[in-house]
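**Student:** Full structure from sequences and hints, please.
Those protein sequence lines, which keep their order, are chains A and B. Just so you know, we're using this note's numbering here: the first sequence kicks off at 1 and counts up by one. Just so you know, we're using this note's numbering here: the second sequence kicks off at 1 and counts up by one.
Just so you know, the hints here were simulated from the structure itself, not pulled from any lab data. Predicted model, so just to flag it, every value in this text is computed and none were measured. The reader is advised that the hints may include incorrect statements.
Pairs involving identical chains hold if they fit within one copy or between any two copies, as the list cannot separate such chains.
Unchecked claim - Subject to a maximum C-alpha distance of 25 Å in a straight line, what follows is the list of computed DSS-like cross-link-like pairs (lysine-lysine):
id, residue 1, residue 2
1, K183, K101
2, K107, K183
3, K107, K141
4, K107, K421
Listed below are the residues making up each chain.
2 protein chains.
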Amino acid sequence: MTAEVVSVGTELLLGQTIDTHAATIALILADCGISCTRRQTVGDNLDRIVDVLREALARVDVVVAIGGLGPTADDLTRDAIARALDDRLERIPEFEEKLRKMVAYRKLPWNDSLARQADKPTSAQFVGNPNGSAPGLICEKNGKVVIALPGPRGEFNPMADGPVREYLERLQSGQVIHSRTLKICGMGESQVEALIRPLMDSANPTVAPYAHPGEVHLRLTAKAPSRDEADRLIDPVHRQIYEILGDAIFGTDSTTLEESVVGLLRGRQHSNPADDLPEYATLSVAESMTGGGLGKRITNVPGSSDVFAGGAVAYRLEAKSGLLKIDPATIKQFGPVSSEVAAEMARAIRLKLSTSYGVAITGNAGPTSDVGDEPVGLVYIAVAFPGGCEVQEHRFRGERAEIRRRATQAALVALRAELLKK
Amino acid sequence: MTAEVVSVGTELLLGQTIDTHAATIALILADCGISCTRRQTVGDNLDRIVDVLREALARVDVVVAIGGLGPTADDLTRDAIARALDDRLERIPEFEEKLRKMVAYRKLPWNDSLARQADKPTSAQFVGNPNGSAPGLICEKNGKVVIALPGPRGEFNPMADGPVREYLERLQSGQVIHSRTLKICGMGESQVEALIRPLMDSANPTVAPYAHPGEVHLRLTAKAPSRDEADRLIDPVHRQIYEILGDAIFGTDSTTLEESVVGLLRGRQHSNPADDLPEYATLSVAESMTGGGLGKRITNVPGSSDVFAGGAVAYRLEAKSGLLKIDPATIKQFGPVSSEVAAEMARAIRLKLSTSYGVAITGNAGPTSDVGDEPVGLVYIAVAFPGGCEVQEHRFRGERAEIRRRATQAALVALRAELLKK
Chain A
1 MTAEVVSVGT
11 ELLLGQTIDT
21 HAATIALILA
31 DCGISCTRRQ
41 TVGDNLDRIV
51 DVLREALARV
61 DVVVAIGGLG
71 PTADDLTRDA
81 IARALDDRLE
91 RIPEFEEKLR
101 KMVAYRKLPW
111 NDSLARQADK
121 PTSAQFVGNP
131 NGSAPGLICE
141 KNGKVVIALP
151 GPRGEFNPMA
161 DGPVREYLER
171 LQSGQVIHSR
181 TLKICGMGES
191 QVEALIRPLM
201 DSANPTVAPY
211 AHPGEVHLRL
221 TAKAPSRDEA
231 DRLIDPVHRQ
241 IYEILGDAIF
251 GTDSTTLEES
261 VVGLLRGRQH
271 SNPADDLPEY
281 ATLSVAESMT
291 GGGLGKRITN
301 VPGSSDVFAG
311 GAVAYRLEAK
321 SGLLKIDPAT
331 IKQFGPVSSE
341 VAAEMARAIR
351 LKLSTSYGVA
361 ITGNAGPTSD
371 VGDEPVGLVY
381 IAVAFPGGCE
391 VQEHRFRGER
401 AEIRRRATQA
411 ALVALRAELL
421 KK
Chain B
1 MTAEVVSVGT
11 ELLLGQTIDT
21 HAATIALILA
31 DCGISCTRRQ
41 TVGDNLDRIV
51 DVLREALARV
61 DVVVAIGGLG
71 PTADDLTRDA
81 IARALDDRLE
91 RIPEFEEKLR
101 KMVAYRKLPW
111 NDSLARQADK
121 PTSAQFVGNP
131 NGSAPGLICE
141 KNGKVVIALP
151 GPRGEFNPMA
161 DGPVREYLER
171 LQSGQVIHSR
181 TLKICGMGES
191 QVEALIRPLM
201 DSANPTVAPY
211 AHPGEVHLRL
221 TAKAPSRDEA
231 DRLIDPVHRQ
241 IYEILGDAIF
251 GTDSTTLEES
261 VVGLLRGRQH
271 SNPADDLPEY
281 ATLSVAESMT
291 GGGLGKRITN
301 VPGSSDVFAG
311 GAVAYRLEAK
321 SGLLKIDPAT
331 IKQFGPVSSE
341 VAAEMARAIR
351 LKLSTSYGVA
361 ITGNAGPTSD
371 VGDEPVGLVY
381 IAVAFPGGCE
391 VQEHRFRGER
401 AEIRRRATQA
411 ALVALRAELL
421 KK
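**Tutor:** Right under this line is the structure:
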């Protein structure tokens, strides 16, 4: 069974509104085992909406239209569906009465255009809308289904995830399409692909790589009669990929890299000589070019105060000396963007806050070099740990925001590698 | 002149990624006076991409394809465009050489599939991609134009808003739809709307309010034969709104609140008693619950090192005493989430880094209270300045990320208010 989604609204075509509903309904269709093969967006223009609906009906079994069900003159989806299905519109007097009562109850003035919401194509059933006045529609005709839902978020979401989901599950009595995403750091997309190439021919689940800044995601997608059975198809392929990529996989689905790092710190208990009780490993950070972005990412994780003490944002030179007591001679000798200064920053914050690990970032995020002749994108990451300190050099490309994001990503990856040792 | 947008990617059809690029390119098309009449999304399937492109080319003058230009086997847009235009793909050896150098410079392993990015349809010109390896394409054939841009955000945005916008402006010399957005802080949407109500009936430009977390945006949109003439229609309405809202407007269009604050610090010169030369006013921050998010926002601004020295991330209690020397007795007496501790943090970091202003945030971002009985969402913001310190209490609602974002927003608004005084 196949479906297409048609989003209606000139504000979408003009780019003034971002279409999140289309993604919401796509996830629901996938859950119900219905393949969404195309998505279209069309403005508030009757002829064009009719064309798009007719074309979609010629290709697929189910068409879901979103938006254009309100009472105003540019709400044309009802009329377009009636034309595309060769139906006529009929007014449902009981529903008009209900609308009049609703309007009176909310002490709003009645307006004849409001009654348009009581119209439906002859082959349609209304879908109740507990949060608004415009009902949805489900039309069944000639073996095809057209579903229409109103656009306002507070109305759309509960209708899509409630009665429409139930309808689609009944319609398609079998397959669900279920995905699991494996998240990988410290490797590029083509490197990952080269390693798991034989698995990419798998048909059920399919295996598809997606590149994100500093991460690669592998999506394993299975079709099966139930979510549990889809999971059972995915499990062995997940295991095979784990055997190949190992700890490069930092988590699945919604897990973030910062959650993975906080989890590893929690897992790595160290002895506190003061009271001889095991504690979590702890972390502090010293940031220059990221300005607090690394601390911000770590503290995105609820409960990160178990392991994260805090840090210094040593953006200008005087903060590097004032907060971290970095020797000005070191800065003068090697430059603020150097492996030596990164190492000193990491060691200094680790000692200052008495944490197990100290991570430092110094570099040049651009657009111009603030501090010297270092090229834009040159970044040093230092991880200080009990008994040592390791420094990496990176050369990132992109705009300032991208370079800063990649720098915090590389710092988390480096810390994670250190935490996974021994 | 008409256009359609084709977004390519199975992750979009499955609803796992929300398509924001389609809206970005739609805004650019509108700016250039090109009507976007339809938008389509299709998965990583060669035949379907070819069908969608051919159908679009039959209807409109310009087709913009987004995504599917990377090096992996499911990147099929280049091949699909060549087929849809009855072109063949040719490999450009100079570009392959460039790719090899780029990969070598970044110390990544070479992989033959990377060379696919050096392929182009015969009628295409490359569009340079300064932030990634896959170039864009502009193809002109039989009076039609096909533009293709890569999907990663850091690559797509500058290419769409740079060379592609310029190309489209040259292509279409008629009406432009041009908007200017006025950005307002420190007021709610209904407050803004009540004050400017009479101006909202304006037809050209139209005036529309949009609520964002901690900000209200007013979009003024004019239609005119040129961008300059649209600006001339917008200017008087902008002036009228400024007369009503004054300094509550912190900037226009892409200006961020942090840019506005950095600009005010730059504008406020203060005498440096040491060498008697005027300097910029300077800023330091002390953050608890935001973990570095305030410093990160300020250093989003290129050149912010002129005014931003750095700061302390005093997440756990030991960092509040270790980095800022906050008296443990104060913390014990009033609690870490208190007006008193916020004020001490702001004063301490200002003195420590010898800056004109010191801003501190302490609060409880949830989901549970880490530190005591303070309710989730309770936040204190302190601004220390030459001769004093002001503290505000806020109670924010929402999830952790929302509360943290609102806290940095409130800190910037409070600092801005202080900078606008006298």
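**Student:** Taking each numbered hint in turn, which are not upheld by the structure, reported in ascending numerical order?
**Tutor:** 1 and 3
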